[in-house]
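*Asks:* Sequence:
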Amino acid sequence: MEISHWSKKIHLGTRISSIEFCPTERVVISTSSQWGPMVTKLNVPGDWKEWQIYLVLLSLFLASAILCYIFYENSDSFWNFPLGRHQPAKPWNTFKPIDPSQIPDDQDW
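Mapping of the sequence shown onto the UniProt record's numbering: position 69 corresponds to residue 69, and the numbering continues sequentially without gaps.
Listed next, with one range per pair, are the computed distances between beta-carbon atoms: (1) Lys49 / Glu73: 33 to 41 Å; (2) Ala63 / Glu20: 41 to 49 Å; (3) Ser59 / Arg26: 26 to 34 Å; (4) Ile29 / Leu60: 33 to 41 Å.
Bear in mind the hints are in silico, worked out from the structure with no lab data behind them. Here the structure is a predicted model, which is why all the values come from computation and not from measurement. In this text, a Cβ means the ideal position worked out from N, Cα and C, and glycines have one as well.
Produce the complete structure using the sequences and hints provided.
*Replies:* Below you can see the structure in the form of structure tokens.
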């Protein structure tokens, strides 16, 4: 629709007999009986290249990874958990040691 309006401005209101698109040059060729063929340059942005799409996806991935890392580093202060270096040491063995002499030996296996 916008291209038709541009072509009507170029042909000054006369009927346009044909409109042809040139995809490589981004121009429109319109013809009318009074003005003949006229070329209209389109200011349409070019297509995205494949590497540009991959670059955008990679940058979005890296930005999300950086944001996740920042949240991970600051999450202790956000949730008010004690920091790792201030926590008391926990024993690696949480079970109480059992004296083998107290185990009943009357089980028949």
